[in-house]
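Chemist: Chain by chain, the residues run as shown.
Protein chains: 2
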Amino acid sequence: VTGRELSYGVVAPPGEPPRCAVRLGDEAIDLDALARAGRLGDLPDGVFAGPNLNPFLALGAPAWREVRDRLPELVETAPRLPLDDVRMPVAIGDYVDFYASLEHATNLGRLFRPGSEPLLPNWRHLPVGYHGRAGTVVVSGTPIRRPRGQRPTYGPTEQLDIELELGFVVGGPPNPLGEPVPVAAAAERVFGCVLVNDWSARDIQRWEYQPLGPFLGKSFATSISAWVVPLDALARVPAPVQDPPPLEYLRTEGDWALDVALEVELNGAVISRTNARGLYWTFPQMLAHLTANGAVARPGDLFASGTISGATPGSEGSLIELGRPFLEDGDTVVLRGASLGEVRGTVTPAGAPPRTGGR
Amino acid sequence: VTGRELSYGVVAPPGEPPRCAVRLGDEAIDLDALARAGRLGDLPDGVFAGPNLNPFLALGAPAWREVRDRLPELVETAPRLPLDDVRMPVAIGDYVDFYASLEHATNLGRLFRPGSEPLLPNWRHLPVGYHGRAGTVVVSGTPIRRPRGQRPTYGPTEQLDIELELGFVVGGPPNPLGEPVPVAAAAERVFGCVLVNDWSARDIQRWEYQPLGPFLGKSFATSISAWVVPLDALARVPAPVQDPPPLEYLRTEGDWALDVALEVELNGAVISRTNARGLYWTFPQMLAHLTANGAVARPGDLFASGTISGATPGSEGSLIELGRPFLEDGDTVVLRGASLGEVRGTVTPAGAPPRTGGR
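Same order as they appear, the protein sequences are chains A and B.
Per this note's numbering, the first sequence runs over residues 1 to 359.
Per this note's numbering, the second sequence runs over residues 1001 to 1359.
It is worth saying that the hints were derived from the structure and are not from the lab.
Because the structure is a prediction, the values reported are computed rather than measured.
Virtual Cβ for every residue (Gly too), placed ideally from N, Cα, C.
One thing to keep in mind: the hints can contain errors.
Quick partial rundown of chain B residues pointing at chain A, CB under 7 Å, derived from the structure [claimed, not checked]:
{"#": "1", "residue": "ASN1107"}
{"#": "2", "residue": "GLY1141"}
{"#": "3", "residue": "ARG1145"}
{"#": "4", "residue": "GLY1149"}
{"#": "5", "residue": "PRO1176"}
{"#": "6", "residue": "GLY1178"}
{"#": "7", "residue": "LEU1216"}
{"#": "8", "residue": "PHE1220"}
{"#": "9", "residue": "PRO1244"}
{"#": "10", "residue": "LEU1247"}
{"#": "11", "residue": "GLU1248"}
{"#": "12", "residue": "TRP1256"}
{"#": "13", "residue": "VAL1347"}
From just these sequences and the hints, can you work out the full model?
Modeler: Shown next, in the form of structure tokens:
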């Protein structure tokens, strides 16, 4: 084991409150116990004692490296926790979803705006994105209830879809309001990565999304994998060439993409294989762009890539692009990524409609 | 004084940590001191001791009424706090901004999509909205730094605007994921109202907003008034008739709007007067719609109405609609609402551009 490989999450031991842990095969290492015993260096009291990683995220990259470097020698003797009750790893502040795959943006433009240019004029100039609902980001394994909505009559969605995405979790001291994070400094603010399933109700989305963007067609649930994998654990390759070259505030030397093989499994069968290396916009560019207007990025913020689709049939990241039927109740979707584990969800039937009438 | 009139906020006395308070003229009543003395009934320990109202919001409407009913007799003898350091009253979970004024949606559609139908087909069927950035909602008085962004070259916005809005703060136990809040029960989840200035950079917004909606043109700052006014303190009138009638999940008997006179002041001169009673969609409809897909509304979530514009010249809620020049550095904007106080902000010059280059 090297510290670099270890992923971070939150585990509740039987009858005890949840605390932070790193995964080790079928068990986890109790980070709170290690920290209390003084074996992780000079950390603030209780940094791993709470129900999420946020206090650790807030410490920033030097502390992350310090813990990572100390862990390998502690693995043998560290207190273990069972994985029976793995919780949401992060209290998410703001959740931003980008649209960074050229292939996906082109495919969806064609489907949602037939007859017009699929890629809008701004797409190659900035990482297009929007804010999603932080309060409905759930951990892998959470059942996904089929949402109701206007399609445009009100009822359970008939077009429940998935979106295969990569997410990154922000940490470090927040930039002051009004002060952008330079693109060359952005990677230092990225703690690690998760897999993201951005569940989507296409009928609701199509009816509601103009002019202010996706809303209830997305906000019913977004699943993330339970273990946050440090950015350093993932292989890098040169990022795709951008044409036209990006504006200066988005430009770095040595742009990299993450070389993460990805797959979508539906009811036990793999239906798509792709790789995150094809994303047009890089993670540092997303963070630099998001803060380019002075917006604060707080520890615990989640950025997602948008659907990752490849250029060839069978490499698309959503059912609508794959040309497959939408999800049925009882369907189970598992997204997997090399070194990232999985994010899993099973569709449950729509609930009763809300009570109506009265004052 | 009746308890109904009192508004809630957070105050830091000199050299002490912030705690919850209610405003009383030029001072505030220390709610934490009252609660510790047992004078506010049977409340959880420390509910007013923290830096925001969220623990109190979470208790729900019965506790809000209990405190409200006890306060009038305590006013005389309650410990007072100075108003020198008034803080952000709420830790906002998710911030949703609607588009509920027919006049504003029509005006903006005309400006942003000239030559096509200004009101899109969905507008009269659902309260159109989007998620904003919770982490950049700031309290009244916070300076607003002119944002940079793609316009489409990168630089300080040349079209800095305001949006006059009414916001409401959600409380009560959250609805379980997957279970909508019925429209008839929605008002019970609304703790109170604030004024909202949704600062907007129109040049950035125009270039970026398709197809996923407003993003960096809005996310640099949103100001709210410091004192949350309980919903019961505000006068109600019958809501405007909706045509076509809304779907059943959005329909209640006795729909009401808030009769709140509003004004926009720029550098000491009132430039617009309007009233919140003209909003097409009601607050209960916004909350019922937001949760209609099963999304959770958490205590501390902020909902804003969208710009409030009237039908007559001089009653519009933004500079672009008023046909006025955009904001200059040093300009001060104050939004006022009857019983709601004010939200104030002064524009400061853009900061230095982010460092560029490097790896």
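Chemist: Now, for every hint given, state plainly whether the structure supports it.
Modeler: Verification of the supplied hints:
no. : hint    : verdict
1   : ASN1107 : violated, 13 Å
2   : GLY1141 : violated, 13 Å
3   : ARG1145 : holds, 4 Å
4   : GLY1149 : holds, 5 Å
5   : PRO1176 : violated, 9 Å
6   : GLY1178 : holds, 4 Å
7   : LEU1216 : holds, 4 Å
8   : PHE1220 : holds, 4 Å
9   : PRO1244 : violated, 11 Å
10  : LEU1247 : holds, 5 Å
11  : GLU1248 : holds, 5 Å
12  : TRP1256 : violated, 9 Å
13  : VAL1347 : violated, 12 Å
Consistency note: the structure conflicts with the earlier hints numbered 1, 2, 5, 9, 12, 13.
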